[in-house]
Every structure is written in C-alpha cells, then in structure tokens.
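K.L.:
Since chain W is already given, all that's left is putting chain V on it; use the hints.
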Amino acid sequence: MSASAKLPRWAELGLLPLINLAAALILSGVVVKILGESPWAALKLLVSGALGTQEGIGYTLYYATNFIFTGLGVAVAYHAGLFNIGCEGQAYIGGLGSGLVALWLGDRAPLLVVLPVAIMAGAAFGAAWALIPAWLQARRGSHIVITTIMFNFIAASLMTYLLVNVLIKPGQQSPESREFGANAALPAVHEVCAQVGITFSPSPWNLAFAIALLAAALVWVLVWRTRWGYALRVAGQNQSAAVYAGISPSRIIIQAMLLSGALAGCLGLNELLGSQHRILIDFPSGAGFVGIAVALMGRNHPVGILVAAVLFGALAQGGSQLAFDLPKINRDMVVVIQGLVILFCGALDNVFRAPLAKVWPGRLARSPQPSGGTSVPR
Amino acid sequence: MKLPRFVSILVAPVVFSTAVFAADFAPAIIYDMGGKFDKSFNQSASDGTVRFKKETGIEVREFEVTNAAQREQAMTRFAQRGSQVIVAIGFSQASAVEAAAKKFPNVKFAIIDGTVNLPNVQSINFREQESSFLCGMAAALASKTGKLGFVGGMDIPLIRKFAQGYTDGAKFVNPQAEVFQNMTGTTAAAWNDPTKGGELAKSQIGRGADVIFHASGNTGGGVMQAAKDAGKLSIGCDANQNYLHPGSVLTSAVKRVDVAVYQTIMDAKNGTWKGGPIVLGLAEDGVGYSLDEHNRTLITPAMEATLATAKADIISGKLKVAEYKVQ
Numbered sequence: 002m003s004a005s006a007k008l009p010r011w012a013e014l015g016l017l018p019l020i021n022l023a024a025a026l027i028l029s030g031v032v033v034k035i036l037g038e039s040p041w042a043a044l045k046l047l048v049s050g051a052l053g054t055q056e057g058i059g060y061t062l063y064y065a066t067n068f069i070f071t072g073l074g075v076a077v078a079y080h081a082g083l084f085n086i087g088c089e090g091q092a093y094i095g096g097l098g099s100g101l102v103a104l105w106l107g108d109r110a111p112l113l114v115v116l117p118v119a120i121m122a123g124a125a126f127g128a129a130w131a132l133i134p135a136w137l138q139a140r141r142g143s144h145i146v147i148t149t150i151m152f153n154f155i156a157a158s159l160m161t162y163l164l165v166n167v168l169i170k171p172g173q174q175s176p177e178s179r180e181f182g183a184n185a186a187l188p189a190v191h192e193v194c195a196q197v198g199i200t201f202s203p204s205p206w207n208l209a210f211a212i213a214l215l216a217a218a219l220v221w222v223l224v225w226r227t228r229w230g231y232a233l234r235v236a237g238q239n240q241s242a243a244v245y246a247g248i249s250p251s252r253i254i255i256q257a258m259l260l261s262g263a264l265a266g267c268l269g270l271n272e273l274l275g276s277q278h279r280i281l282i283d284f285p286s287g288a289g290f291v292g293i294a295v296a297l298m299g300r301n302h303p304v305g306i307l308v309a310a311v312l313f314g315a316l317a318q319g320g321s322q323l324a325f326d327l328p329k330i331n332r333d334m335v336v337v338i339q340g341l342v343i344l345f346c347g348a349l350d351n352v353f354r355a356p357l358a359k360v361w362p363g364r365l366a367r368s369p370q371p372s373g374g375t376s377v378p379r
Numbered sequence: 038m039k040l041p042r043f044v045s046i047l048v049a050p051v052v053f054s055t056a057v058f059a060a061d062f063a064p065a066i067i068y069d070m071g072g073k074f075d076k077s078f079n080q081s082a083s084d085g086t087v088r089f090k091k092e093t094g095i096e097v098r099e100f101e102v103t104n105a106a107q108r109e110q111a112m113t114r115f116a117q118r119g120s121q122v123i124v125a126i127g128f129s130q131a132s133a134v135e136a137a138a139k140k141f142p143n144v145k146f147a148i149i150d151g152t153v154n155l156p157n158v159q160s161i162n163f164r165e166q167e168s169s170f171l172c173g174m175a176a177a178l179a180s181k182t183g184k185l186g187f188v189g190g191m192d193i194p195l196i197r198k199f200a201q202g203y204t205d206g207a208k209f210v211n212p213q214a215e216v217f218q219n220m221t222g223t224t225a226a227a228w229n230d231p232t233k234g235g236e237l238a239k240s241q242i243g244r245g246a247d248v249i250f251h252a253s254g255n256t257g258g259g260v261m262q263a264a265k266d267a268g269k270l271s272i273g274c275d276a277n278q279n280y281l282h283p284g285s286v287l288t289s290a291v292k293r294v295d296v297a298v299y300q301t302i303m304d305a306k307n308g309t310w311k312g313g314p315i316v317l318g319l320a321e322d323g324v325g326y327s328l329d330e331h332n333r334t335l336i337t338p339a340m341e342a343t344l345a346t347a348k349a350d351i352i353s354g355k356l357k358v359a360e361y362k363v364q
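As you go down the protein sequences, you meet chains W and V in turn. 2 is the number of the first residue of the first sequence in this note's numbering; add one for each residue after it. 38 is the number of the first residue of the second sequence in this note's numbering; add one for each residue after it.
With the rest of the complex left out, here is chain W (with noise of 0.2 Å):
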C-alpha cells in the first residue's frame, strides 16, 4: 500500500476498524429495509438479543469462545506468511482427541485430571491434524491453502466414519457418542456464580472461555517476546531474509502450524466438555473459516482477535435472536450481515483508509511507521 495511506496507531486499529463496521451495518440496514423491517428496530434487537441480557452476553461469550481458538489458530500461521485454512479440520480433529479423553476419563478421575489431560490431547490431535500439509507446505512446497482445505473433508469423512460406526451409542439414529461422565464437564458460568451466590441466567457460557483467554496471552507471548516468536515473524515476512540470518523457513512452517493446530484443537473443550457433553457431528460448525475474519479483522494480534471473536459471538447471538424475533429475517439474512461485516472489515479494509489519511489532520506531521500488523505478505 501507498505511504500515503498511513495512520496513527490508535485509528489504525480502532477507528478504521470502527468506520469499517459501521459501513457494513449501515448496508446490512438497508437489506433489512429492502425486506420490510426497520432497521433500527432490528438493529436494537441484535444488539440487546446479544448484549442486552445475562443470557445473551453468555451465548456471545460461549460463541465467542470458539472464535477465539479458532482466531488465534489462523493468526499464528499467517505471522510465518500461511494462510491456514484447515482449522475447521484441526478443530474437529482436535475435539475429537478431547472428546475421547472425556469418554475414557470422564467417570474415572477428578476434573482437575481430565481438563489437562483433555486440553493436551485436543492440542495434540489438532496438531497433528495440521502436520500433514505442513510438512508437504515446507518440504514438497504444495500450496497450504489447497491442502488445509483438503485435510477439512478428509476430517468430516474420518468423523463421520468414527460417529457412525464406532463412537456412536448403540440404538440411536443420531451419530453421537455416549454423554461423557460428570467429571468431564467444565463448569458453566452460571454453576460457578451460583456458587459464590451471583444469580446467573443459565447459558453455555463455562471455564473454556479462561483457557480461551490464556492462550490468547500465550500466543502473544510467544510471537512479540521470544527468539522463536521473532523468528516466525521473519521467515513470515521475508524468507531469503530469515534464511540470511540463520533461520530455517521450513522449520519454522512446520512449527507454526503446529502451533495454529493446536490452537484450533482447543474448540472442543469448549463445545464438546463445556457445552454438549458429547462428541457429535459437525460441532465446529464453521467455527474454523470464521476464525479467519476474526484474525483478518483482528489484524492477527490476540487483542485484536478477542475483540473480534466477540463481535462475530455478539453478531451469531444477537443474530439468531433476531431470527427469532423477526420472521422475516431468517437466518440467511443473518449470514448476509455476517458476510458485509467480513467484506468490509477484510477484503474493503482500504477503501476507507486512504480517504481517512487524506482528510487527517496530523497528516503533515507524520513520520515513516515501523512495519505494523498490515504488511504482513498476501
């Protein structure tokens, strides 16, 4: 992009990002008049169906949750320059691996010793899940994104196989397994507010959400404060430059997706062991590719992503509450709003850019930028 299009660092990831909403908003709205309804109306219904209530803010939360460990997977990889498409996979991989754990563990021991046990095996699983392309990506050089995408079918055909001929509990029509034991149950927020005596409305909204955030500062960690974060973030930007400075390119893409892997492995503890107390098809479902705009949107930084995972938890919320209440807004209309915010958050993030630098009054004062979150190479 142009140097003529840099901003402060504030607008650049506040404002932008704000103006950028408000565009999508402002022509969700006018799909929803085209439709018949207020948009005002539908507006206000969206945004208190998902803020509004204890239990709304639960769902955004829960939902969020999911967009979190997702988010973050996708995030990782781009800073070593992949684009990982397959945490819809890895996920679902990923929670197959906790999943089992609670199976096997659930009734045997303590929360305290399935929970780490659950949250290794799913990072392990998804891990493993993302090895594959990775080690074609850094050693055959086939492209990622094609084999990710890949790996995300042959991941709904092992899944399906296992739910319908293994794991599922025998005389139902349902492929799912059996209910995990009581142990392996995260608990809810509202369970542990009513411990301590907060009233809570119910919601899936449990202890995966902490772990969520965890990683989160765990990722930050590891890419902006250590040699290895550093490394990824060269070899992502530039390889000749990483290799010139000792860095193994291809070790570094197969560790980043491991990473990315094991970051989207996490989903299930939040949808298997905190929500559904089974493992049942499908579960991600599309947690994985909402990942990517909320990393796109995030700008690929854990802050960034945490207040995007919320908005798209408060959109899929609020969203379904609409659906609920509105009838002529059914849940395609929902998609569409989804889909103008990612349009504009991702694939238009410039349009608003460059006129905003123009028309900004420290323009003149403003000096060359470090290379932020933006440059990173498409």
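Source of the hints: derived by calculation from the structure; they are not laboratory data. Be aware that one or more of the hints could be misleading.
As the list claims (entries may be wrong) - If you want the ones that stay clear, here's a sample from chain W, every Cβ over 12 Å from chain V, calculated: (1) A23; (2) L104; (3) A110; (4) L112; (5) I199; (6) G230; (7) Y231; (8) S241; (9) R252; (10) H278; (11) P356.
As the list claims (entries may be wrong) - With a Cα cut of at most 20 Å, we get these calculated SDA-like pairs of lysine to any residue: (12) K170/W / N154/V; (13) K362/V / V165/W; (14) K76/V / D333/W; (15) K170/W / K362/V; (16) K233/V / I150/W; (17) K139/V / A183/W; (18) K233/V / F154/W; (19) K170/W / E360/V; (20) K170/W / D192/V; (21) K170/W / A183/W; (22) K140/V / E56/W; (23) K265/V / N162/V; (24) K362/V / G172/W; (25) K140/V / P203/W; (26) K329/W / T103/V; (27) K362/V / V167/W; (28) K362/V / R179/W; (29) K73/V / V337/W; (30) K140/V / E192/W; (31) K76/V / R332/W; (32) K73/V / R332/W; (33) K362/V / Q173/W; (34) K170/W / Y361/V; (35) K170/W / R197/V; (36) K170/W / T152/V; (37) K45/W / K73/V; (38) K140/V / Q55/W; (39) K140/V / F201/W; (40) K73/V / M334/W.
Heads up, the beta-carbon is just placed ideally off N, CA and C, and yes, glycines get one too.
P.N.:
Relative to the frame of chain W, chain V by itself:
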C-alpha cells in the same frame, strides 16, 4: 410456500404482542440444519404447519437452527414465551429435547425421527424400511437388467435404513438382483449436492443399473435428472416426487412427516395429546409408495398386485422387514 410466510410476517407482531396471555395456543416448530425449504424432510414438516394454520388460523412459531447450541436455546425460549407444544424436526435434536423437556415438564414436546423417554415427549418414528422394501420390490420388478442403484445423502444410520430396506425388497423379488450403493458425502453438504448426485447416478447407470432410488434430500434432484436423461427410472423420497419427471419416476417412498406434525399440534390443541413413542409404518399410512397419474403407466397391474400383497403381508406381520440397527 411464499404466501403463508408473507402472511406470517403480517400477523407476527400481533402474535408476539399477545403472547403474554398464556391462554393463547402458540405451537412452535424447530427445523434442523437442513432448513425449512429443503424440498424434502423439513419442508414436509413445514407443510404440516401450513395445513394446521389454514384450518385453524393459528400461527405456528418457527426457528431454523444453524448450530448445535441453538437447539436447546430455541426450545427454552419458545417454552418461556408460552408455547404449549414444541415440535423438533430431526434426530439431531434428541439430546436438546431431553434437556428442555426436563426443564419444562408442563410443556409438550414432540420429536420426529428420534426417541426421548420422558412423559412430556412424543417420540415419532417411521418404519422407513417398509416403504423402502416396497420400492425395492417395485424397482426389481421394473428392472430389465436386474441391476439397481441407491444414492444416499449423508452416510448416517437413518439412510442405511433406507438402503437396507430397498436391497432386501429387491432381493425378495429377484434373489439375483444386484444393488449398487453410493453415499453422496460425509458432511451436511451431502443433502444439497445435486451435481454429485447426478454423477453417482450416471456411474451406476454406466454399470448397468436401470432403476435408481435416492434418499438424499435436495441431492436427489440430480439423481432423478440423470436417470431421466439416460432414459432410466428413478425413485423419489420423503415427499411424493413423481411429478418432477412424469414417466421417469417409477414411484416415491413417501414419509408423511407433514401428517405427523399436523397431528401432534392438532392433538395438543384439542387436549388429546399423549406423550410416549409413536411408530408410523405402512399400517398407519405413515409411510408408503406413491401412485398417481404421473407414474400410472409405469406401475403395471401385475406389479401393483404384487406390491399390494406384500404390503398386506407386512401389515399382518406375515412378511418381516428387517430394520437396520447399529451394532
């Protein structure tokens, strides 16, 4: 289909503003991920609500889920807003119905294609193997090559139930009959992939099949089109699809989800609703094969007589149809 929806929008504010009066009858239906307009299973359920609305003028609240967590959320919300009867469409909703029915013991729940053992839940299941058996017989009787095709949607037990009934029926007529089986895929996209369905049908036709049965939702459109293009026969599923390609669709394995949905809501309104399992087969007219002006010439009187005998034998228990069971 458009009109009732349009009308529902006009009426909705009234319904919601009056929802506070608990005396109002406000049934609710929750469609699964396939969506209300899947031209097959969910849409058939929707037809049941349309009929109920037409006859009583009472609006049926509805919701289409997009992920697993929304099922219980939607049931809870409908219950909190005073719905007396909540119908859940599809086996995937069983665990959510169980949780919601425990939370709201005074609300009546119904689940289609699933079983929940609670006093306030009506579990409605169909003996798809019986209609599939008859369709397999019809296929074997109509086939000249003795080779038949089956295209399933997603590879799940329910679809294997169709496949097994169909194969057994074909072998009952012609023990040498060969049935090629293909599933479209392993993700939910398999219900909506007519292109792949068409390709699978073409490959089965290439191997000699001349009658192809689909149990694959929207994917079946491609299967039936491919059969028509090749001058072969196809068999429709769930809804009566004979009209899609008159003269090429041998028959359809119908499953009266619409009747089941209509009946459970109507019973709840009239106070005759009872919890517990309900199994609908040939005897109850819950499943069957369709015969209308579009396939009249394809089903010969001799075939019809054979099928009628088999149907009577299945109903009387003389002819046992095996059901696909997991393990």
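K.L.:
Against each hint, give a clear statement of whether it holds in the structure.
P.N.:
Against the structure, the hints come out as follows:
no.	hint	result
1	A23	holds (25 Å)
2	L104	holds (15 Å)
3	A110	holds (24 Å)
4	L112	holds (21 Å)
5	I199	holds (21 Å)
6	G230	holds (33 Å)
7	Y231	holds (38 Å)
8	S241	holds (40 Å)
9	R252	holds (34 Å)
10	H278	violated (9 Å)
11	P356	holds (36 Å)
12	K170/W / N154/V	holds (16 Å)
13	K362/V / V165/W	holds (11 Å)
14	K76/V / D333/W	holds (17 Å)
15	K170/W / K362/V	holds (11 Å)
16	K233/V / I150/W	holds (19 Å)
17	K139/V / A183/W	holds (18 Å)
18	K233/V / F154/W	holds (15 Å)
19	K170/W / E360/V	holds (17 Å)
20	K170/W / D192/V	holds (16 Å)
21	K170/W / A183/W	holds (17 Å)
22	K140/V / E56/W	holds (16 Å)
23	K265/V / N162/V	violated (32 Å)
24	K362/V / G172/W	holds (7 Å)
25	K140/V / P203/W	holds (12 Å)
26	K329/W / T103/V	holds (17 Å)
27	K362/V / V167/W	holds (13 Å)
28	K362/V / R179/W	holds (16 Å)
29	K73/V / V337/W	holds (18 Å)
30	K140/V / E192/W	holds (16 Å)
31	K76/V / R332/W	holds (17 Å)
32	K73/V / R332/W	holds (11 Å)
33	K362/V / Q173/W	holds (8 Å)
34	K170/W / Y361/V	holds (15 Å)
35	K170/W / R197/V	holds (16 Å)
36	K170/W / T152/V	holds (13 Å)
37	K45/W / K73/V	violated (26 Å)
38	K140/V / Q55/W	holds (19 Å)
39	K140/V / F201/W	holds (17 Å)
40	K73/V / M334/W	holds (14 Å)
In this structure, the earlier hints numbered 10, 23, 37 are contradicted, and the remaining ones agree with it.
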